[in-house]
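Chemist: Sequences are here, hints too, so could you generate the full structure?
Chains A and B, in that order, are what the protein sequence lines are.
Residue numbering for the first sequence follows the working numbering, beginning at 41 and increasing consecutively.
Residue numbering for the second sequence follows the working numbering, beginning at 6 and increasing consecutively.
Hint data in this document are derived by calculation from the structure and do not stem from the laboratory.
All residues carry an ideal CB built from backbone N, CA and C; glycine is no exception.
Where hints are given, some of them may not hold.
[As the list claims (entries may be wrong)] Ranges between beta-carbon positions, derived for each pair:
hint	chain 1	residue 1	chain 2	residue 2	range
1	B	V167	A	W425	40 to 48 Å
2	B	F142	A	E359	50 to 58 Å
3	B	F140	A	A381	41 to 49 Å
4	A	S329	B	W261	52 to 60 Å
5	A	R399	B	W78	54 to 62 Å
[Claimed, not checked] Quick look at which bits of chain B chain A covers, simulated, 3 or more residues with Cβ under 8 Å:
hint	segment
6	14-25
7	147-156
8	203-215
9	228-242
10	271-282
So you can see what is in the structure, the chains are spelled out below.
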Amino acid sequence: MRDRKFVPLTRRQIIRGLLATSAFGITTKLAGCGSSPSPNSPATDGSANAAEEVVVGFIYVGPKDDFGYNQAHAEGAAAMAQVPGIKLVEEASVPETAAVLETMRSMIEIDGAKVLFPTSFGYFDPYILEMAQEFPDVQFFHAGGLYQAGVHPDNVGSYFSYIGEAQYVAGVVAGHMTQTGQLGFVAAKPIPQVLQNINSFTLGAKSIKPDITTQVIFTGDWALPVKEAEATNSLADQGIDVINCHVDSPKVVIETAERRGVYSSGYHANQGPLAPNGFLTGAEWDWISIYTGLAEQFVAGKTLMAGDIDHILRGGLAEQFCKISPYGSAVTAAAKADAEAAREALISGELVIYKGELRDNNGNVILADGEQYEQTNVELEKMNWFIEGVKGSIDG
Amino acid sequence: MTTETSLGLWGIPLGILAGTLRGSAPFLFVSLGECLTEKSGKINLGLEGTLLMGAMSAYGVSFLTQNTVGEFWAPWLGVLAAGVSGMLLGVIYGWLAQQHRVNDVATGIAMIILGSGLAFFLGKPFIQPQAPQLFTFRWGSWSDIPAVQAALKVSPLFLLGVAIAPLLQWVFRSTRWGLYIRAVGDSPQSARAMGISVFKVRMFSIVVGSFLAGIGGACLSLYYPGVWTERISSGQGLMAVALVIFARWNPVQCLWASLLFGGTQAIGPAFQSVGIDSYYYLFNAAPYILTLLIMVITCSPKRTLVGAPGALGTDE
Numbered sequence: 041m042r043d044r045k046f047v048p049l050t051r052r053q054i055i056r057g058l059l060a061t062s063a064f065g066i067t068t069k070l071a072g073c074g075s076s077p078s079p080n081s082p083a084t085d086g087s088a089n090a091a092e093e094v095v096v097g098f099i100y101v102g103p104k105d106d107f108g109y110n111q112a113h114a115e116g117a118a119a120m121a122q123v124p125g126i127k128l129v130e131e132a133s134v135p136e137t138a139a140v141l142e143t144m145r146s147m148i149e150i151d152g153a154k155v156l157f158p159t160s161f162g163y164f165d166p167y168i169l170e171m172a173q174e175f176p177d178v179q180f181f182h183a184g185g186l187y188q189a190g191v192h193p194d195n196v197g198s199y200f201s202y203i204g205e206a207q208y209v210a211g212v213v214a215g216h217m218t219q220t221g222q223l224g225f226v227a228a229k230p231i232p233q234v235l236q237n238i239n240s241f242t243l244g245a246k247s248i249k250p251d252i253t254t255q256v257i258f259t260g261d262w263a264l265p266v267k268e269a270e271a272t273n274s275l276a277d278q279g280i281d282v283i284n285c286h287v288d289s290p291k292v293v294i295e296t297a298e299r300r301g302v303y304s305s306g307y308h309a310n311q312g313p314l315a316p317n318g319f320l321t322g323a324e325w326d327w328i329s330i331y332t333g334l335a336e337q338f339v340a341g342k343t344l345m346a347g348d349i350d351h352i353l354r355g356g357l358a359e360q361f362c363k364i365s366p367y368g369s370a371v372t373a374a375a376k377a378d379a380e381a382a383r384e385a386l387i388s389g390e391l392v393i394y395k396g397e398l399r400d401n402n403g404n405v406i407l408a409d410g411e412q413y414e415q416t417n418v419e420l421e422k423m424n425w426f427i428e429g430v431k432g433s434i435d436g
Numbered sequence: 006m007t008t009e010t011s012l013g014l015w016g017i018p019l020g021i022l023a024g025t026l027r028g029s030a031p032f033l034f035v036s037l038g039e040c041l042t043e044k045s046g047k048i049n050l051g052l053e054g055t056l057l058m059g060a061m062s063a064y065g066v067s068f069l070t071q072n073t074v075g076e077f078w079a080p081w082l083g084v085l086a087a088g089v090s091g092m093l094l095g096v097i098y099g100w101l102a103q104q105h106r107v108n109d110v111a112t113g114i115a116m117i118i119l120g121s122g123l124a125f126f127l128g129k130p131f132i133q134p135q136a137p138q139l140f141t142f143r144w145g146s147w148s149d150i151p152a153v154q155a156a157l158k159v160s161p162l163f164l165l166g167v168a169i170a171p172l173l174q175w176v177f178r179s180t181r182w183g184l185y186i187r188a189v190g191d192s193p194q195s196a197r198a199m200g201i202s203v204f205k206v207r208m209f210s211i212v213v214g215s216f217l218a219g220i221g222g223a224c225l226s227l228y229y230p231g232v233w234t235e236r237i238s239s240g241q242g243l244m245a246v247a248l249v250i251f252a253r254w255n256p257v258q259c260l261w262a263s264l265l266f267g268g269t270q271a272i273g274p275a276f277q278s279v280g281i282d283s284y285y286y287l288f289n290a291a292p293y294i295l296t297l298l299i300m301v302i303t304c305s306p307k308r309t310l311v312g313a314p315g316a317l318g319t320d321e
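Modeler: What follows is the structure, given as C-alpha cells:
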C-alpha cells in the first residue's frame, strides 16, 4: 500500500495515461523525423500551397555546422531554398545505417518530399536503392560516383564535383612548401573519392618535386576527433611537414598541425582562419551553383525519370563545382604562381592529372605511356589503387 | 616552420607514450567519477552525457570569458563550469534514480540523451570559434627533438586526475566518509541500521562523481583534441563506465586502465605513420579486444566479481 502515497491514481487512470503518452510519443517520433530538426523543417501542415511547392529533403551524416562536408552541403541547401517554389526539409546526424531508411520514408510519406538528397556516401547502397524501388515517383540524388546507368533505378541520379582538381592545385602548393619532401594525409575510409584526393594531391606535389612521398593514415570513420589528432601528431613525429586530410570535419587536423608547427592543407570548406601560420590552401566544395541550378529544373517540372535531368552531373574547377581556399600567409610567390598556372591549365582542359606512364605503389602499371584518364573517365570513380609515392595500404 | 627530424620506428613507442599522456585524462576522470558513484550502489550510465555537457560548457565558458578574465584564466573558468554543469546533471540523476521503483540503468540512458541533447543544442554557436586552451607543462624542453617536446606536453588536469586516484583509494579505505559510501553501496539495510541516510550519501557520491566526469569533458575540449564538436566523445564516456568494472571498482586500477585505453588509441595511427599499414582496423579495435580478453580470463562462473559493491544492480 506504499504505492498509494506516491501515485494517488487508480489503475485505470494510469493505464489511460500511459496509452495517451505512448500515442503522443509515437506521433511525435514519426512526425518530428529525428534528433535535429532545423528551423527550415516545420512538420507537415497540409497548407494550401504545399501542392505547388516542390518539397526537397536533405539528409546529412553529421551536424550541419561541422566546418566540413556537411556544412558545405547545408550551405548549398540553404541557397537552394531561396529558389521560389522550393520547400526544404532537413535532418542532420543520420548514421549510414537503417536509420536513413526511416528518415527517407518519413520525409516522403509525412513531409511529402518529391526530391531527396541523401548526401553521405554510404547512404547509397542498399538504402537509397531500396527506397527508390519502393517510391518510383520520388527522385533521389546522391553525392558520389556510385550510380550506374542501366543497373540502378531510373529515379536515381548522382552528382559530384571533381574536387581532385582542387586537390591537385593544393598539392602543387604543398610540393613547393615542403622542406622534408614528405607529405601526410589523414583519411577516414579507403573509398574511391578519398583515394582520388590522395592521389591527385600527391601528383600535384610530384609535379614540383618528383621524389615527394605522401604517408596516409586511415582513422576508420568520418568523425573521430581523438584519432584524427593522434594521426596528425604521429605524422608530425615522422618529420612530415605538410598535412592534408579527408575527414568530415578537418578542424581538429588543421588545429593540431598548427600546434605542431607544420603546414596544413584544408578540405570541404575554408579553414584558413583556424591556422594563421601554417595554413597553405585547401580544396573546397561549391555546391551552391549545382543546387540552385537543379532547384530551377525541379520547379520547372523536370525530372530524372522523364530524362530531363542528367543522371550523372559532374563538374570541376571550370564548372564551379569546386574551388580553392584563399592562400595562407606562408605560401610563397613562386608556389602561388605555379598553383595558379595549374588551375588555369585544369580549367582550360590542357592539363590531365592522370596520364601515363603511371604506376601504383606496388609497381603495377596503371596507365602505359601515352594513355590517360580524362577527368570525366568513370575509371577514376572506381579507383582502388595508390600511385607511386603514396605510402599506405587500401586493404585494412 | 621548423624542419622536424624523422624518428622512424621510435615513433611507435613515442606515439603511444604521447597518446597515453594526452588521451587518457577523459577516461581517468569519468572512470573515477563512476567508481565513486558505483561504490555507493548506483550505476550512472549518464556520464557519457555528462562528459559531452562538460566538454561543451568548458569550451563555451572559455570562449565567452576570454576577454574579461584573460587567456590564462578563461580555460580554468571553463573547467569549473564543466564541473558545475556535471553536478547539475548529477543532481537530476541522483534524485530520479533514487525514487521508488525507478531503475538506475534506464535513468542513466535517459541522462545520456538529456546530457548530449542539451550539449548539442547549447553548443551550436561554439562549434566554429576557437577558445583559449589550458596551458601545459613542457617537460620535454630538455630535448632537441620536436616530437619529444610535443609528446611531453603534460596537462595539469591529467596530473590532477593522477593525484585523485590514490586519494580516492585512501578515502574509501581509511576515512569515515569512505566507509559510509562503502556501507551504503554494499548493504543499504545495514547502513540504515547504522543511522546513515542512504539517500544523502548516494546523492553526494553521484554529484561528486558527475563533477569529475564534467571535468573529464573539459579535458577533451580544452586540452586534447581541443575542439568542441558533437562527435568529440565518440563513446569515451561509456567506455569509461565499462573501465570501472574492468578495474574492479578500485580507483588506482582505474588509473592503470585509463592509461591503457588512452595509449591504445594511439596504436593505429602510430603504426600507420611508419608504414605498418595492414590490419589498421584491427589495431583500432585493440582496446576492445583487450577488454574482452581480460574479462574472459578473469571471469568465473562460481563467484561474482571481486570488489563489486553488493547493492549494485539491485533495487534497494
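Chemist: In ascending order, which of the hints set out earlier in this document are inconsistent with the structure?
Modeler: 8
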